[in-house]
Structure formats: structure tokens, C-alpha cells
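Following the UniProt record's numbering from start to finish, the sequence shown increments by one per residue and tops out at 344.
It is worth saying that the hints were derived from the structure and are not from the lab. We put the CB at the ideal spot given by N, CA and C, even for glycine. You may find that some hints are simply not true.
[Claimed, not checked] What follows is a set of in silico ranges between Cβ atoms, one per label pair, in the way DEER data are often shown:
1) SER43 <-> LYS331: 43 to 53 Å
2) GLU4 <-> TYR158: 21 to 31 Å
3) LYS36 <-> GLU246: 49 to 59 Å
4) SER285 <-> LYS36: 39 to 49 Å
5) GLN235 <-> SER189: 18 to 28 Å
6) GLN98 <-> GLU246: 45 to 55 Å
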Amino acid sequence: MSLEDWFNKRWYAKSGKSPSLSLLTPLELLYSGVSKRRRVISSRTPPEPLPVPVIVVGNITVGGAGKTPLVAELARWLKERGRNPGIVSRGYGGRAEQYPYQVTAQSHPLESGDEPLMLHLITGVPVMVSPNRSEAAKALIDYHQCDVILSDDGLQHYSLWRSFEVCVVDGHRGLGNGHMLPRGPLRESASRLQTVDLVVSNGEPEPKVKKQCGALLEYQMTLEPSCWHQFNLDQTSTLRLTSGPEPGPCHGVAAIGNPQRFFRALQRMGFKVMEQPFADHHQFSSQELHFDGETPVIMTMKDAVKCRDFWESHWWALEVRARLPDLFYQKVHQHLQQFSEDEK
1 MSLEDWFNKR
11 WYAKSGKSPS
21 LSLLTPLELL
31 YSGVSKRRRV
41 ISSRTPPEPL
51 PVPVIVVGNI
61 TVGGAGKTPL
71 VAELARWLKE
81 RGRNPGIVSR
91 GYGGRAEQYP
101 YQVTAQSHPL
111 ESGDEPLMLH
121 LITGVPVMVS
131 PNRSEAAKAL
141 IDYHQCDVIL
151 SDDGLQHYSL
161 WRSFEVCVVD
171 GHRGLGNGHM
181 LPRGPLRESA
191 SRLQTVDLVV
201 SNGEPEPKVK
211 KQCGALLEYQ
221 MTLEPSCWHQ
231 FNLDQTSTLR
241 LTSGPEPGPC
251 HGVAAIGNPQ
261 RFFRALQRMG
271 FKVMEQPFAD
281 HHQFSSQELH
291 FDGETPVIMT
301 MKDAVKCRDF
311 WESHWWALEV
321 RARLPDLFYQ
331 KVHQHLQQFS
341 EDEK
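Based on the sequences and whatever the hints tell you, model everything.
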């Protein structure tokens with residue numbers, strides 16, 4: 001069992017209690033103090049506002065909650081309405097020679113990070129990566145004339161000015177045991193949910209999650225299978241297919257924050273999944289994905305972009321799309337309208 005698995009098992013235990021984690025209370029108090037100090041400092045020296053709306057989509061827990069599919073769906077929604085959105089990202093897992101780094105179809109995930117490359121490939125919008133997200137946002141405005149900036153993660157990146165905040169909560173795992181790192185999965189205290197503009201539940205929230213978040217969980221998001229992908233011979237574009245492998249035995253590969261969510265989705269589609277979980281952002285080698293001949297290997301789009309250099313014909317990537325209620329989009333639309341009126 002990896003260290004990541006060890007913590008996740010205890011953070012999200014049904015009992016909510018773990019004697020071994022209680023030993024980390026002093027470190028939790030230290031982390032909490034540092035987190036509060038960062039917020040105080042940022043409130044005293046707020047970042048300079050940008051000339052376009054900046055929508056930050058993040059979470060307050062470590063690991064995957066579903067924020068990246070939500071960013072992709074917002075980008076599509078904005079494009080359909082004539083806007084010119086751009087996406088900024090930290091680019092976790094990548095290291096470019098210089099920043100800000102513009103993601104292209106030819107980018108390597110070791111430079112761009114896996115999520116930024118995936119976002120660019122499935123949305124077609126400009127994506128800019130930098131540890132300094134403000135720098136990345138300004139580059140999108142200057143070079144691409146973007147009129148809306150979406151930040152994939154960054155709720156805790158207070159040097160990035162934002163006009164609107166969306167926090168995504170995993171409807172199944174919620175806030176775990178409710179403690180802050182490293183005793184629990186929280187990057188900020190649960191009270192942070194009261195300060196964001198919208199709280200979205202990824203999936204139907206379980207009773208424990210409803211109790212943790214209360215009435216703040218106003219909007220429910222579902223992730224639905226959208227289409228299948230296989231990489232073309234040029235390895236920089238994908239074949240977008242409406243049908244994929246026949247339901248049956250498959251190897252499910254997931255190097256995401258919550259692999260079980262992906263495996264459950266495949267099972268609902270009729271697949272008998274042989275689970276192959278990896279650590280979040282794992283960089284694959286070809287040998288790791290050679291299992292047993294021609295049995296289909298199904299992975300997330302985030303993982304597929306890291307495998308395109310050695311892609312094989314019986315490998316498939318499943319793209320999922322976020323579905324949200326109309327009221328969610330109405331709230332976003334109202335914010336954009338209000339921002340435009342305030343700028344006049």
C-alpha cells in the first residue's frame with residue numbers, strides 16, 4: 001500500500017476516526033496556522049484586479065473532486081455563447097523551460113502537466129501554465145485576447161485575483177474526517193465553503209456529506225460518459241469515436257485522485273473491470289500497461305495524454321462530460337453580466 005493509499009483509507013474511513021491520525025494533531029495545528037496566516041496576508045495585500053472576469057474552480061480537499069471536467073464544460077459553454085475563454089493552470093507534474101508556458105497539441109505532459117494538455121485537446125481553448133497563475137492569466141489576455149479566464153484549481157492561490165469562485169465537493173467522500181492536513185484531507189477549513197460563490201456536489205451527496213456541508217450544496221454535477229478516443233498516428237490528435245470496446249472484461253487504468261469513481265463508471269457501462277489504480281499524476285511507461293494480450297485497456301483522458309507516444313490499438317480513452325443544472329449556468333451568466341456593467 002502506498003503512502004497516498006494509506007492516508008486516503010484513514011481520511012475517508014466510514015467511522016471517521018483513526019487513532020494513528022490523531023498523532024498528527026500537532027502538525028495539523030501548524031498547517032492550520034500557516035493557512036490562516038496566508039489568508040490574512042493576502043487580505044492585506046490583495047492582488048491587482050484583471051480587466052476580465054476570472055472564475056476559479058477548485059476544492060478544499062486534496063485529491064480529485066471533479067474540478068477539471070467542470071472547467072472543461074464551462075469553457076465549452078462560454079465558447080457556445082460567443083465568449084473567448086482561456087484556461088490557466090499550475091501544470092502539476094510538468095516542468096517547462098520557461099513560464100508562462102502555452103500548451104499546444106504538440107506539448108509533452110512532462111512540460112505542460114497532464115491536466116492542461118488534456119484540457120487543451122478536448123476543448124480547443126488556449127491554455128497557459130505557470131506557477132504564477134496571475135502571470136498566466138495576463139498572457140492569455142495579451143496574446144489571445146481572452147475575455148474570460150478559467151482557473152483549473154487555485155482556490156488557495158491567493159495571489160491570483162478572482163471575481164468568482166466555485167468549489168467542488170466529492171458527493172461520495174465529502175470532506176473526509178473534517179480535519180486539515182495531514183490529519184485529514186482539508187487544505188482549508190470547512191468554513192471556506194461559506195465564502196465561495198457556488199458549491200457544487202460531484203454526484204448525489206451522501207447523508208454524511210449533506211451533514212458536513214448543509215445547505216451550501218446547492219448544485220449537483222454528474223459526470224457522464226461522452227465519447228471514446230484513440231490517438232492518431234501523429235500522436236498529437238485523437239480520433240473521437242461514438243462507440244468503443246464491447247462491454248466485457250477490461251483493464252481499467254486510472255492515475256487520478258479518486259480512481260474508484262472511474263472504475264464504478266466503467267462498471268455501470270457493463271464492463272467487468274480489472275482495476276489498475278496508480279498514484280495521481282503517475283507518469284506511465286509502456287511496460288506498465290502490458291497486461292494480457294488484447295484485452296481492452298480503458299483509461300481516463302488525463303492518463304491517455306501521457307501514453308500517446310506508445311499508444312496501442314486496443315487501448316481506449318473515455319472522455320466524460322460534466323452535466324450541471326440550468327440554475328448553475330444562470331448564476332455564472334449573471335456574474336458575467338454584472339462584471340460587464342461594473343466595467344462600464
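### Task
Give me the numbers of the hints this structure contradicts, sorted from smallest to largest.
1, 5
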